[in-house]
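Trainee: Modelling step: build the complete structure from the supplied sequences, incorporating the hints.
Listed here are the chains, written in short residue letters.
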Amino acid sequence: MMTRFNHLPTLKINTGDKIPFTYKGKTFYGVKGDTIATALYANGVRIYARSLKYHRPRGLYSMNGECSNTMMEVNGIPNVRTETTYLKPGMVIKEQNVKGSAENDLLGFIDKMDWAMPAGFYYDTMHKPAKIWPVAMKQIRKAAGIGKLSPDHHMPGKYDEIFPTCDVCVIGGGHAGMKAALAAAQKGLRVILMEARPWLGGDFEYRTSEYLDSQTHHERAVQLAKEVEKTENIRVFTHTANVGTYNNNLVTGFQIGKESDSFTERYIELRANSVVVATGCIERPLLFENNERPGVMQAGCALRLANTYGMLPGKTAVFSIGHDLGLETAATLHDLGLSIPVIADIREDGQDPKLLKAVLDRKITILKGWVATEAHGSKQVKKVTIKSVDATVSKTFDCDVLVASAGFTPLTGPLVINQAKLTYDNHTNFFLPTDLPKKMYAAGRLLGFENAESIEASGHLAGLKAAYDCENCSIAELGDAKKAMETLPGPARGTKLITAPVKGRKTFICFDEDVSIKNIKQSINKGFDVPELIKRFSGAGLGPGQGGIPGHNLPLFTAKYQALPDIRIKPTTVRPPLVPTLIATYAGTNHTMFKRTPMDEMQRKDGGIFRNIGVWQRARYFSKDFTCKKEIENVRNNVGMLDGSTLGKFRIHGPDALNALQRVYVSDLSKIKEGRVKYTAMCNDDGCVIDDGVVVKLGENDYYFSTSTGRAGQTIEWIRYHTRYENWDFALVNLTDAMGVINLSGPNARKVLEKVVDIDVSNEGFGFSEYKEFTIADTIPVKAMRLGFVGELSYELHVPASYMKSLWLMLNEAGKEFNIQNFGVEAQNVLRMEKCHVILGQESEQRTNLLDIGMGFLWSRKKTGYKTVGVAALIQAEKDNNRLKLVGFKMENNGRAPKDGALIVDDRVLGHVCTARNSFSLNEAVGMALVQGDMSKIGTRLAFYEDECNGELIYGTVVETPFYDPEGKRMKM
Amino acid sequence: MFSKSKPMWGKKNKLKSSYDVVLIGGGLHSLATAYYLAKEHGITDVAIIEKNYIGYGGAGRNTAIVRANQRTQYNVPLYKEALDLWPVLTRELDYNLMFNNCGNLNLMHSEAAMNAARMNVATAQFHGVESHLIDAKQAKELVPALNISDDITFPIHGAMYHPPGGVVRHDAVVWGLAKGAAKMGVEIHQHTEATGIQTKNGKVTAVVTDKGVINTKQVLLSAGGYSAALIHGFLGIKLPISVLTIQAMVTQPLKPLLDHVVSSGAYHCYANQTLKGEIATGAHMDPWPNYTTLTTAHYIKHQAEALSEFLPALRGVRFMRIWGGLADMTPDMAPIMDGNEQVEGFFMDCGWGYFGFKSCSAVGRHMADFMATNTCPDILKPFALKRYKEHKLMGETAALMSYSPDN
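Taken in sequence, the protein lines are chains A and B.
Residue numbers for the first sequence follow my numbering, so the first one is 1 and each next one is one higher.
Residue numbers for the second sequence follow my numbering, so the first one is 974 and each next one is one higher.
Simulated from the structure, these hints should not be mistaken for lab results.
Check the hints yourself; a few may be wrong.
Straight-line C-alpha distance at most 30 Å; calculated BS3-like pairs for lysine-lysine [said to hold, decoys possible]:
#1 A/867 / B/1211
#2 A/128 / B/984
#3 A/88 / B/1228
#4 B/1110 / A/605
#5 B/1228 / A/112
#6 A/131 / B/1211
#7 B/987 / A/128
#8 A/148 / B/1110
#9 B/1362 / A/570
#10 B/1184 / A/521
#11 B/987 / A/521
#12 B/1228 / A/131
#13 A/128 / B/1156
#14 B/1362 / A/867
#15 A/937 / B/1362
Footprint (simulated), chain B over chain A, 3 or more residues, beta carbon under 8 Å [what the hints assert, rightly or not]:
#16 143–154
#17 236–249
#18 579–587
#19 681–688
#20 837–847
#21 891–905
In this text, a Cβ means the ideal position worked out from N, Cα and C, and glycines have one as well.
Mentor: So, in structure tokens, the structure goes:
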């Protein structure tokens, strides 16, 4: 392990605190504060991975995570970006996508096969003859993909989520971001500041060059950070990457937990009134041959290795740069002991005179108008060739590091994913954000500023603009801040060079997908002439780095190669998440919840087997016998209780309540009598049945009605929607959760009920289809209806949810002598099917109308003037015989019931089975089916085609319905 | 082995003042129609008019899943034909469409759902399409990453397994069809916007574009999510189409983990692994109609929550990008294909929702037949617009659609 500096003010490591980890099966040590990548670097690792396609060796390049170069498997989790992930004791680190090791990859030979793999080569190969494709495909799948994940992988850790709000959200905790946060906070606003690194300070934080009055940039960063941290109304989220920005300033990010935090990672979704984006810049990759050979790294990476992590990148470094940061890096690293034979600066002029002097004072050779054209060395950089930009003169230098950077690229992601436009700017050579979304501002280095004071001033101005949006800042103050900016240096001039003078066979514009300049040329020649198409065809920017490396180089090169007179071409679309984010982190905690009825606990104790039904969980069975024989027989012969609390229950009252009901229900509800129950249905505009239920009249302009379980959630919206132009006066209350329902059914139901109520429940006192309100034990108010869904004597008792258990227990106690039993949803399903009572969605489908399902009797043709939803369609459909109709059928020769969903066929499909069962009550197989109109005649023979029947049909006959108790005596007894 | 570096879909031609046929929209249905017009009917004086670049819309935004296990007898044969055409087109176009017939598993989370799926399975088998109902254990054997325990929100009861389905490389289909059509003389005019259709005496006479007027007697409008608005704007024909944003996303690439397309209606989520190794996932639509392709914070989080439950291994994978596209939804989830009905010479092919990709090859072929012969092929007849006026929906879904209040 190399010795680490421990005296620099900028260091973030503690060299005294060693941290063990396992790499390729052996134990190594890093130090506290190391990222995984820096710990490996300190242990001499230079090749972290192999590239996707060509298996080229890859090393530390930017340290910002915009490429897959240092992605490794950590603790079984694939594709961890080791350069931005901090080392923890005991981490197990493995290489990915290599045969052998990253150092010696047996697949490295593929790099020489690039001639056989031009852009989009797979579209032109492997399909002739057709036989080879399946074989080739398997190989492609094996070769593609980077990390490995076990199908049993269990993700350890705690994943949390928070949804804070604030007045101003600042994305980026560099100088501009901090100044913006302070400016808004000083106006009394609540500010949230998000910073991707674990500390504030941004790209000045690790720079020891002079800021002002012999204060260094680093010292200034520390000073600002302290100021931010002590400002109470700034909430700072460090180690928090912004991943999305959306309409109306919804901002998402994820935070990585510290040791002291209760979470591993947490998802943050916040709503801000205004947003300042101060995300700064990354460096623009310099394009030359082998520009991603391990040992080639950007200036910021080399500088941070030394200043933040306490080690030199190597012994001897050639610099090929196009920005002042390059000169500063050279001077700083020279002082720490790095030998620098030459700096090739793309720029002929325009360098910061102070930095130029610093370099010359240190006797470092600087060649202006020169650029690296090739890195030599098969696995790591050993030599570098530099040439004059016009390629007339060349020199070669031995070295183990090449610091290479073409300049800067602004990080405009948070702006453009929220619909800012990008426009090419000739001065900075940036695509700058224009037409910013409302209440969103850009500040700092991403606008092209390099001068620290300008960066701070632009942050301050943006913070005030955001405050102005919150009405906490005056125009005059804004004007002053703008004026202050004008006295400071403007954006720096950007270098124009896109590629070094090379042919580009091994000049990689996209590292992740191994796309070279040559591949881009091939794509353009094939007609893929805009970056978005080139991306799709060549893969550039489609990899884990999501275009971070191709960035602005791709559109700039595309324009240049086509010799376009002006650069109207845009970079490819940036998409969330701006930083790849774990599915575990996005998921946070699970939000899907089910509603439980008041009887839930008791029914589970009674052995109920529950199923999700819509938004509810309901007891479907009460034994493992899924035919429900016992439950069914007990209802038919004795008495059972069903928890019907999931039914939709509503009260509608007010002068226009009846009008509203008449609009949505097909029956004429003006005829409804107090004390009676009216069964009716709702249709949609196509006449298709969407709901059925009962309506009772509670009093003048006051109704209570029920809907099916599945429809309850949409009912209010439905009624509001269909009455929206009427200005009607009615109130609609959803009582679904407030009321529970007990369905007491069976020939002994009356005997049970008698025991708990004071009123007359004889057939004369409380007849079929009647409605009564009464109180049980002077306490429990009951709305009771006599219905017959299951075809037996039946009471539906609606009681406040809080009394459900009490009443249930009372009935249960009263029913003991009759052996009262639970019955579940499936038993009810069979019971009602025997009676041919329909369940919508089971006996109907999307296209089934009221008439098709045999419920035309509900439709009051005389009811006019209410514009009842669906009636126009019903009138039209009435003449149409060519529709599917609901029929009942029995099986031939005492055969078994067909499966639900079986088809009815001749040489084509004529219908399908809705519900069919071997009926215990009838001792034969019966069912209901939707069949073509001409087959609905009684006596029609139906041929059933079931799945896996191999063409062996079974047969049944259309019969009269209902099957059970056709006169309906039992439910009326 | 490699075609030379020349533009794949022909040189950039100058727009002529007349063509036999004009196709509006540079998506898959247009390209396929053009291809078959040229190939099977010898009609090559054809111009495709595309406002952006070919494959800009749904063609390049879908997640490339193909299958033929639809619900009704009107749909299954059409999708079966489309499914059978992928290998044929690969050969004809001499372009690898990368058909991966890995099979689809549609997860079922209740007995009721299993019963509902049984009808799809029976319909498929009746039409000679392989499809089976399997139980949860069998599903787990096929997809080892599946969580079949009971302690998730929607426990898995089984699945509808459709072996011949899978994934086709969508971009390859766009470029392959463009290449094939251009080779036979079809002209593809990108960055050309259609702004109107001229008619005279109830007949199409011309298409107006921002690059000039094109005289033609036949025009097909098949512009994906933009079709309904264009058809209304150009000809005043109102279609019962709601346009909704649908989003999809991919994770970072992994070595083979999922060998099938896995989807779940209850979780509103599907997932499959692309040949590149990314897990592609998506499913439900945003609940409000709009014409943007913007993504939402809610959606990606929902997908993560869903995947966390039924494919929990994926919790260790990172989402890499999310994008949006438009789904043009009809009330019965079935498309509108019609011609010579509202205006002579005007054909439309739209309302595909999220089924446009799977169907494109077969539909292009039949639409070409329709346009060439001016006779609607039987297989397309049930998809005519008039079905809505007659209140006769197609029944492609069992449940009612509730993507808008006026369903």
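Trainee: Each hint needs a verdict: does it hold in this structure or not?
Mentor: Against the structure, the hints:
1. Distance restraint check for residue 867 of chain A and residue 1211 of chain B: the Cα-Cα separation of roughly 23 Å lies within the 30 Å cut-off, and the hinted pair is therefore satisfied.
2. Straight-line distance between C-alpha atoms of residue 128 of chain A and residue 984 of chain B comes to about 27 Å, which keeps the hinted pair within the 30 Å bound.
3. Restraint check: the Cα-Cα separation between residue 88 of chain A and residue 1228 of chain B comes to about 26 Å, which is no more than 30 Å; the hinted pair holds.
4. A hinted pair counts as satisfied when its Cα atoms are at most 30 Å apart, and residue 1110 of chain B with residue 605 of chain A qualifies at roughly 28 Å.
5. Simply put, residue 1228 of chain B and residue 112 of chain A have alpha-carbon atoms about 23 Å apart, close enough for the 30 Å limit, and the pair holds.
6. A C-alpha spacing of about 48 Å is found between residue 131 of chain A and residue 1211 of chain B, which places the hinted pair above 30 Å, so the restraint is violated.
7. Between residue 987 of chain B and residue 128 of chain A the alpha-carbon distance is near 35 Å, which puts this suggested pair outside the 30 Å criterion.
8. Pair hint residue 148 of chain A plus residue 1110 of chain B holds up; C-alpha atoms about 24 Å apart against a cutoff of 30 Å.
9. For the suggested pair residue 1362 of chain B and residue 570 of chain A, the alpha carbons sit about 46 Å apart, so the restraint of at most 30 Å is broken.
10. Restraint check: the Cα-Cα separation between residue 1184 of chain B and residue 521 of chain A comes to about 29 Å, which is no more than 30 Å; the hinted pair holds.
11. For the hint pairing residue 987 of chain B with residue 521 of chain A, the CA-to-CA distance comes to about 24 Å; that is within 30 Å, so the pair holds.
12. A hinted pair counts as satisfied when its Cα atoms are at most 30 Å apart, and residue 1228 of chain B with residue 131 of chain A qualifies at roughly 24 Å.
13. Restraint check for residue 128 of chain A and residue 1156 of chain B: the C-alpha separation of about 20 Å stays at or below 30 Å, so the hint holds.
14. With a C-alpha separation of about 18 Å, the suggested pair residue 1362 of chain B and residue 867 of chain A falls inside the 30 Å cut-off, and the hint holds.
15. Taking the CA atoms of residue 937 of chain A and residue 1362 of chain B, the gap is about 28 Å. The hint holds against a cut of 30 Å.
16. Three residues within the 8 Å Cβ limit are the bar, and the segment 143–154 of chain A against chain B gives 11, so the coverage statement holds.
17. Interface restraint, the segment 236–249 of chain A with chain B: holds (3 residues with C-beta to C-beta distance below 8 Å; minimum three).
18. Taking a C-beta to C-beta cut-off of 8 Å, the segment 579–587 of chain A contributes 8 residues in contact with chain B, enough for the three needed, and the coverage statement holds.
19. For the segment 681–688 of chain A, the proposed coverage by chain B is satisfied: 5 residues have a C-beta within less than 8 Å of a C-beta in that chain, meeting the threshold of three.
20. Residue count for the segment 837–847 of chain A with a Cβ under 8 Å from a Cβ of chain B: 5. That meets the three needed, and the coverage hint holds.
21. Only residues whose beta carbon comes within less than 8 Å of a beta carbon in chain B count, and the segment 891–905 of chain A has 6; three or more means the coverage holds.
The earlier numbered hints that this structure contradicts are 6, 7 and 9.
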